[in-house]
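Enquirer: In case you want the letters, here they are:
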Amino acid sequence: MKTTRPPLSLATAAVVGVAFLLLPLAALLDRTPWHALPRLLTSTSALTALRLSIECSLGALALSLAVGVPLAWLLARVEFPGKSLLRAAVTLPLVLPPVVGGVALLLAFGRNGVVPLSLSFTTWGAILAEAFVALPFLVLAVEGALLAVDERYDDVAATLGSNTTRTFFRVTLPLVLPALAAGSALAWARALGEFGATITFAGNLPGSTQTLPLDVYLTLQDNPDAAIALSTLLLALSLMVLVAMRSRWRLTR
Amino acid sequence: MKRRAIAVALLLALGSAGCSGESKPRRTITVFAAASLTDAFTAEAAAYEKQSGVHVRFSFAGSQDLVAQLNQGAPADAVATADTATLGKLTVKLAGASATFARNRLVIVTAPGNPKHIETPADLTRRGIVVVLAEPSVPAGKYATQALQAADVTVHPRSLEDNVRGVLTKVELGEADAGIVYVTDAKAAGAKVGAVALPTSPIATYPAAALDASGQGFVDFLISVAGQRILAQHGFLPPQ
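Top to bottom, those sequences are chains A and B. So for the first sequence, our numbering puts the first residue at 1; every next one is plus one. So for the second sequence, our numbering puts the first residue at 1001; every next one is plus one.
These are calculated hints, taken from the structure and not from any lab test. Among the hints, erroneous ones may be present.
Simulated crosslink set (SDA-like; lysine to any residue; CA at most 25 Å straight-line) [unchecked claim]: (1) B:K1187 with B:S1214; (2) B:K1116 with A:V114; (3) B:K1089 with A:A36; (4) B:K1089 with A:T32; (5) B:K1192 with B:F1060; (6) B:K1116 with A:L117; (7) B:K1089 with A:D222; (8) B:K1116 with A:G113; (9) B:K1089 with A:P224; (10) B:K1093 with A:D222; (11) B:K1093 with A:R31; (12) B:K1093 with A:N223; (13) B:K1116 with A:A108; (14) B:K1192 with A:G113; (15) B:K1089 with A:P33; (16) B:K1192 with A:A104; (17) B:K1192 with A:V103; (18) B:K1089 with A:S43; (19) B:K1089 with A:V216; (20) B:K1089 with A:S45; (21) B:K1116 with A:P116; (22) B:K1187 with A:N112; (23) B:K1116 with B:T1169.
Computed far set for chain A versus chain B, every beta-carbon distance over 12 Å [what the hints assert, rightly or not]: (24) A46; (25) G59; (26) L92; (27) V103.
Note that the Cβ used here is the ideal one computed from N, Cα and C, for glycine as well.
Construct the entire structure; sequences and hints are all you get.
Expert: This is the structure we're talking about:
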């Protein structure tokens, strides 16, 4: 890559951009009550929210994997009418305000929903809300990788007598494993941070639907220190995902 | 390139100039108000604007949320909460003494026609009855807890909403069979909910306080005859 001296105005704007992104996080770390952190993060309410968040985000990831990988394969490998429309629909939750997703989920799967599963106010509801916003991350990552993989591998496997399902699991999937891991990490992180759809659809009850982001929001109203401590925890988890993805990204190079 | 940099600098300078304080009475004021005041205050604002020419814009939320925001430096000219304890947590300076402008009671809301036959607080503990309350840090949640304790029942709510209107919405949508809200909320919802008396309800007291001179006019209007008439129309009890 050629090194160019950036023009001053561009460089200044870029520095402002970096400061804009990092300053709030630095402020969060600056205001974190480090000495009280062990106590604040091991309080019963924090541990309850943490456990629930881990369960729900992993549940959402499992759900996303179960339906997202086949969906990505369909988008990458099968030609059918209306495919671009389907791809747009799958991407929609990515740009849709999460609270709108929550309202939609309520009308779809609430007690009076189109499919009256009565999932509002249940942990399954929280998992569903998280999966709704996380799924596109997984689908897009895996679909992109599938499109980049040479389809002739599949053809060769077929000529060697492997059926389509076997080829998918033994040939195609291993080839896109790095992308699958990266997509999973992104989807998991998005699920972990989900707020709007969860509080709208699943409600807020400690131990059953009050995940960490909801706990942060509500705790900020009466115990800012505890809310800051929980925020720092979520920031640390997000950074871990980035670090994990970076090494994954290197492997594919 | 240089010209663009100058333009950016100019814009920044303009932006900071626009932020500098003005001291003359404002034509638009901001009032932070408890969620249960949504309908009554919207009517109050229309009447106040007609009388004084001052436009009022609101931020409605749970009282505890409003006080937390004000303590973090949110700009407002006046604040009205659904209990005195929450207003007491305000750490910013008030422009004058707070004034109680209304009182309220709680009620159980159900689906229209009360199909699950919820008649007493004890019915809220029945199996299969989905109850939603406000968070205990929300005044409405605190009052509801007191009412249920006084009725000697233990309710296991399915969700704790962060303001009382969230409770009302969940019942209106049919996601919950019952919730505890203010009498005024049930009145605002009209035919969309049914209301069952909650005899053990404590009396909720609503104080308002001005945070600057511009907000005092609105607070004074609330306790004026005209302001009190509007609150009464929305089902609020007089301050004393």
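Enquirer: I'd like to know which numbered hints this structure contradicts. Please list them from smallest to largest.
Expert: 1 and 27
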